[in-house]
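> Make a model of the complete structure from these sequences and hints.
Which chain is which? The protein sequence lines are C and D, in order.
According to this note's numbering, the first sequence is numbered sequentially starting from 1.
According to this note's numbering, the second sequence is numbered sequentially starting from 633.
The hints are simulated quantities; they were obtained by calculation from the structure and are not laboratory data.
Do not rely on the hints blindly, as some may be mistaken.
[As the list claims (entries may be wrong)] Derived BS3-like pairs (lysine-lysine); straight-line CA-CA distance at most 30 Å:
1) C:Lys135 / C:Lys269
2) C:Lys269 / D:Lys957
3) C:Lys505 / C:Lys559
4) D:Lys784 / D:Lys648
5) C:Lys135 / C:Lys208
6) D:Lys648 / C:Lys269
7) C:Lys212 / C:Lys172
8) C:Lys208 / D:Lys957
9) C:Lys212 / D:Lys957
10) C:Lys608 / C:Lys632
11) C:Lys109 / C:Lys135
12) D:Lys958 / C:Lys208
13) D:Lys958 / C:Lys212
14) D:Lys957 / C:Lys291
15) D:Lys958 / C:Lys206
16) C:Lys583 / C:Lys505
17) D:Lys957 / C:Lys206
18) C:Lys206 / C:Lys269
19) C:Lys291 / D:Lys818
20) C:Lys505 / C:Lys408
[Stated by the list, open to error] Selected chain C positions facing chain D (in silico; Cβ < 8 Å):
21) Gln266
22) Lys269
23) Asp304
24) Ala332
25) Leu333
26) Glu336
27) Leu430
28) Thr477
29) Lys505
30) His508
31) Leu509
[As the list claims (entries may be wrong)] Quick look at which bits of chain C chain D covers, simulated, 3 or more residues with Cβ under 8 Å:
32) 169-178
33) 248-261
34) 289-301
35) 337-345
36) 412-425
Note that beta-carbon positions come from the ideal geometry of N, C-alpha and C, so glycine has one too.
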Amino acid sequence: MTDTTPTIGTTEVIDAAPAQQPEQISHVVVRFAGDSGDGMQLTGDRFTSASALFGNDLSTFPDYPAEIRAPAGTVNGVSSFQVHISDHDITTPGDAPNVLVAMNPAALKADLHRLEQNGLLIVNSDSFEERDLAKAGYDHNPLHDDFLSSYRLVEIPMTTLTQRATESLGVKARDSERSKNFFALGVISWLYSRPTEPTVEWIEGKFKDLVKASNLAAFKAGYNFGETSELFDHPYQVKPAQLPPGEYTNISGNVALAWGLVAAGQLAKLPLFLGSYPITPASDILHELSKHKHFGVRTVQAEDEIAAIGMALGAAFSGHLGISTTSGPGLALKSETISLGISLELPLLIVDIQRGGPSTGLPTKTEAADLNIAMYGRHGEAPLPIVAAYSPAHCFDAAIEAARIALKYRTPVILLSDGFLANGSEPWLLPELDTLPDISVSFQTEMNHVADDGTPEFWPYLRDPDTLARPWAVPGTPGLMHRIGGLEKEDGTGNIDYSPANHSKMVHLRAGKVAGIANDIPLATITGDADADVCLLGWGSTWASIDAAVQRTRREGTKLAWIHITHLNPLPRNLGELLRTFKTVLVPELNLGHLCRMVRAEFLIDAKPVNKVQGLPFTAAELEDAIQEALK
Amino acid sequence: MSDTAAVTTVPITTKKDWVSDQEVRWCPGCGDYGIMHAVQTLMPELGIAPENTVFVSGIGCSSRFPYYMNTYGMHSIHGRAPAIATGVAVARPDLDVWVITGDGDSLSIGGNHLIHALRRNVNLTILLFNNRIYGLTKGQYSPTSETGKVTKSTPFGSIDHPFNPLSVALGAEASFVARTHDLDRKHMIEVFRQAHAHRGASFVEIFQNCNVFNDGAFDDIISRHAREEMMIDLQHGQPIRFGADGHRGVVMGSDGQLRIVEVGDVGEEALLVHDAHRLDPGLAFALARLSHDDHSATPFGVFRDVQRGDYGQLVGAQVAAASEKKGPGDLGALLRSNGTWMVG
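What follows is the structure, encoded as structure tokens:
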């Protein structure tokens, strides 16, 4: 846009350097909260991006309702975005925010309890009219009494100020409402000395015409308001973090996972086929992969979850890297097809972005209660390998690892992530592409057996002696035509065979193939003190909270060990031996003890569960308490 | 494929190249044998190679079919064959993909996949063996069983209203819809040939006799003595007439209703001329519903054969267009696409 861009009106261009010197702080946790329609996710996301480009370490936690638009102004409709920025290595989005931006009374009501004592509370005072208060369920105006006396309250009439900043552009009062989140972003950007260029550039690229002008004006007005209003003593600055050198990008788990799948296709030298059905919080992977067709990615939005995995299986049979992405309810529907995939012994990747269950449960909230269904949720003896991502960026590596196992061992693999990883983001040190593993496998092109009469023939279930994987002969290969199916088949020939001894042999072979993968995955390692009494055993997204809790506990001089596993089936082969060296094993999980029961059963150790099922990640403090309790 | 046959070398195969070494395990006298022989007879005539052919089935008696074909094949899950075959056909538009299914498999447990495969127009040749009964589970009524059917699960008679498979297919936007039956190999071969030649989803209902659990279900229409007066042979571009010397025919009344008439009463010019290529499926639908039961004159042949983009090719075209526009995927560029910053 050039000459058609409206001028910025009365709002001046932002000063290059703030007049006041910023106070250096090591980290800050900011929570933006407002109505679902207020654009809080976008606001948080922009603040995050500016911080990432500034060089902070960071971790984010989007927290939004299941309804697209719950009744406006109600507590049910509050959408929040918490971001932790730091000048040092951090892993969690922070326990208690230092700053809460509440765009309306409902947001205040929903999130005030999270704010630290004496924390900074910034409210849009324009939205505290009687009607707004009633919708949020307040019978008083909390701004007008001492209800908020234990916080540093800053009232800003954001709606009015945004309106004033945009009216000269010809923006109607009602339309200017939509820009007030940029005003809030401007205020916070000034307060934490964020560079403004990334946000300005983003607005200019994202919006057009009057909306662009209005959002720019609101953002700049907010920034200037911070500087000139004297509501704040001075701004703060969180210096860039001392991260390992290299090139970074800010990445969310779902994008990292989608890119990991693209990379897996490239590394396997196979076209990628995604069959998927929209489901929160997995849909973003479908969206992301659909953009990258030039990598040879085929995506089909199927008619249902069952069709989605059926298509992926059909593509796998045809020589593609077949993938189906979903969340818990979808995983349940895919169960029968996964069992078929186990019987067919074809590579297939199932990605489960876990959410609160059972049933529709908490579709937008996180939980890690699908480990049991991943392990045991199939009919018959149907074991499969399970890989779990532990951080947003790790979703990239986990996707490649899951694909590697699926391809090499010709088996369905379940990759577990969760809502916290999917939507949360962190800086990611980009990998050197030539360090990524070669996961390519060969298709069978020749006969592999000789019949008694000397005729060469193809046996679809003649196994590789090391991996026990069967040959992958894809349609189009002359001479290797064969039929596979869900009926029990004879090992070797693949012919239908119901005989007792053969079924027993096949059940044991399929189980043995999966168990044998233990020799092809990393050993478990101990972080912290190997001679500690207490060891935490974690998997998945609890990594962030455990990391924070372990660091804090050890900083206080307490010995503590931590093992975090990414392979849940088979388990690392030294895990039992390692766990047995500790007096106490604590297993923090966002479920009622799935891994805990697995290791108790597997290793006969008295592992103790630490559980949380609130749709939220553990806070570090909660885990510290559990550790202290165990140390008593 | 009709549109590629001109440019590819026609593989020379014989029927035995298409027959697998597996023992066929259907009940003696089952209609499935006739269908299988028709398919195996047709295959060498199509000029395609066994290695480029895939048969996908669900579960049920008919779904054993892939085991008996010397092609690539998958005997999959009850109802899911159209979905799995969609994966094959979208991943590999170069393959000939056939779906073998039954009335329970495709119209009950797999109804959703069938209608969506038809709607998308995936390049599949779908053969629905309709015997109006569950055979493999030993004789329960199916979604095409007539109301009042007494079976093990309906000792007082079924109260379900049945599906008309062709109505379902036409309602699901199918671009090719046909019907044949297991007693006439020549008719089957001709219909299968046209179904195969059609690019996109082809749906063929085959009246198939289950001589164990629903013997003679179609006898009043397709048995040798009934055929002449009860089977209406649809021919594209021809007036619809049947019976001895074509004495009966089909007309459309002023109320839009199709009726069977004596040609002598109305004159040949009053007869409906069959147009399988008509874009509007209304007439095909009316023909599909001309017969209301197993005892009235029933149309056979190709009801509808219209052109629409083949889903697998369209998916492939988007991939090709994206590659042409953006060049081959560059992983390094992808990882940097959301902006990066340097540390140190």
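> Of the hints stated earlier, which fail here?
1, 3, 4, 5, 6, 16, 18, 19, 22, 24, 25, 29, 30, 31, 32, 36
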